[in-house]
Amino acid sequence: MSDTNSEWPLWEVFVRSKAGLDHKHCGSLHAADARMAVQMARDVYTRRQEGSSVWVVRSDQIIASDPGDKDMYFDPAEDKVYRHPTFYKLPDSVDHM
Amino acid sequence: MQASIKIPAAPELAYLLRLADTCLISGQRLGEWCGHGPILEEDIALSNMALDLIGQARALLTLAGQRSGQCGGQGYDEDQLAFLRDEGDYRNPTLAELPRGDFAFTILRNLMLSTWLKLMWQRLGESSDAELAAIAGKALKEARYHQQHAADWAVRLGDGSDESRRRCVVALDRLWPYTPELFEDDAVDAAAVAADLGPAWAQLREPWLAEIGEVLGEAKLAVPPAPTFRSSGKSGRHSEHMGYLLAEMQYLQRAYPGGAW
Amino acid sequence: MYTQAMDTLREEGGQPVLRTAEEAALQQRFDQRIDAGDFIEAKDWMPENYRKTLLRQISQHAHSEIVGMLPEGNWITRAPTLKRKAILLAKVQDEGGHGLYLYAAAETLGTSRDQMLDALHTGKAKYSSIFNYPTLTWADVGAIGWLVDGAAIMNQVPICRCSYAPYARAMVRICREESFHQRQGYDSLLVMMKNGTEAQKAMVQDAVNRWWWPCLMMFGPPDDQSPNSAQGMRWGIKRVSNDTLRQKFVDAAAQQAAVLGVTFPDPDLRWNEESQHWDYGAIDWSEFWRVVGGDGPCNRERLADRVQAWEEGEWVREAALAHARKSELKEAA
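Residue numbers (the numbering used here), protein chains in the order written: chain A, 1 to 97; chain B, 1 to 261; chain C, 1 to 333.
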């Protein structure tokens, strides 16, 4: 039987596909330490030139919003239509503003 | 059965083949780990390194095959050179052909060879042979990563558990006697230096010892005493292991003469 | 790379037992989301049998990937050219990567990778039976790429739209990476059939003869013997029936075989003008169940290889953790 305490911790991997873009979550992996996690991320997730930079973070260090709070957190933004440029109808001559 | 090809006895060609075969045979050994690594992530990492080494070998063998035609012999492609030479015409130092061993053995050999290759590629970047210099420029990036990967693991294993430390000591003891061959000069080196093709292997000795010593120090592993044994793979006299490696590697090319792959 | 209709071995997905009104409300909301084509994320509420069924399927899929490294890996040191060696190594390595993505997807359901590996190593978990067949010649490597990967891709593409988002995301990545796997296999066989020697052509035909029927079995038992998982369909874990996928595979393979210049070992294989499909002969399901049950040519060897690699790696994994702990203590000091 495997002892769960002997398992390497889980890390989340974020890859920047090219300079100027955001790092994007692309998966996870197991590694014994941070340096190894970065190297493993390179070896596992950038085999096809997918990246120019990687971030790793221990999965247990991520704090996520509660799915049960989804309505309360995110629905209130729904009716704030005036935050979007398309809300404002301007004359054609100046509409490229 | 497909017959062996003949290799002209030009020192420049031998110089290229020594390097090419070091990459080829190391790649062959590292490839043995695929599917059998200690953990999935590391399995993938080892295969990446094997792929880099095979890529380097292909570039160098292609170049060597062209040079063979230019120095009085027949021209060959990468596969004729990789699969159809007699054992005595393979020029890798013996260190590269030793069986893969356990993970400690593989890591410490990778550390030795990747450090050596890194130092070699750095110098070959200034080769008078522009094609060789171009190959070196690409390979240097790969070797730097291989060295970092091996060095980090050497420290983890050397300064990890009692068991990992014990295995490192055993592996180091077995590997170290094969290292002097990486730094011995002969007529091949003299010709390479004279033609500005690349460095004499002895020139890599001091920086190699310095870098290896630093990593072993961090890994709390003692540098073994200088061995008196001398291996001779780069002159074509190999260990008992090479015949088995080649029998496996060459099997299809030998068994299916005139085949298309 | 490879799924087989393994989940048909033991159908789950009957009506869940509901205990409280609150759970019933959660169940109803879950069902609505599924029916609306919503994705379910790891932290969302999900019925226990959904979690269990997914965990079993994803972990079996992951096990199939890493056991699947072995038959082809058998030829890495013997590949005939450096180009083929590099291609094969990259492909087998990809399978390891796919196993990794899938284990990660399964881990989001609350079971560790070590626990899943333990189930594999102790024989509690299944993997695709196709890997219990041996790779006897170099042409087997090409045949696996063409036929086994070809069958797997047909099984896998629909799962990219699976309701469980971590699984769907892993499958999107896997399908993208795998697009070269089938092509390289076919290409390898094509070169031998078009430019090779008679001995090579015979090697290719022999490999195709041995892999054809096991590949047809990869799609699982016929629909009338496979209690159709309405639940699996609804959850999007299973989207197309076994026989439909199998027919699609036969239709594609028959045409590819003609271009290649090989035949399949089935005297009943013929074009049916009326149905506009290829008819094929009866599959020997007793062989399928025998191999699934553990008595294939390589079941014991494959599992023993995995167990050996894992056990030989134990000291490595422990040492890395021991070193990490030492480093943390040093930094804290």
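Because the hints were derived from the structure by calculation, they are not lab data.
Beta carbons: idealized from backbone N, C-alpha and C, even for Gly.
Accuracy of the hints is not assured; some may be wrong.
Across the chosen pairs, the derived CB separations fall in these ranges [claimed, not checked]:
1) C:123 - B:134: 51 to 57 Å
2) A:23 - C:222: 34 to 40 Å
3) B:138 - C:312: 53 to 59 Å
Derived contacts from chain A toward chain B, CB cut-off under 10 Å, selection only [to be verified]:
4) 37
5) 77
6) 97
Hints and how they fare:
The given range of 51 to 57 Å is respected by residue 123 of chain C and residue 134 of chain B, whose C-beta atoms sit roughly 53 Å from each other. Under the hint 34 to 40 Å, the C-beta atoms of residue 23 of chain A and residue 222 of chain C, about 48 Å apart, miss the expected range. The given range of 53 to 59 Å is broken by residue 138 of chain B and residue 312 of chain C, whose C-beta atoms sit roughly 34 Å from each other. For residue 37 of chain A, the suggested interface contact is upheld, since its CB lies about 9 Å from the closest CB of chain B, less than 10 Å.
The interface hint given for residue 77 of chain A is broken, as the beta carbon of that residue sits about 39 Å from the closest beta carbon of chain B, more than 10 Å. Because the beta carbon of residue 97 of chain A sits about 48 Å from the nearest beta carbon in chain B, more than 10 Å, this interface hint is broken.
In this structure, the earlier hints numbered 2, 3, 5 and 6 are contradicted, and the remaining ones agree with it.
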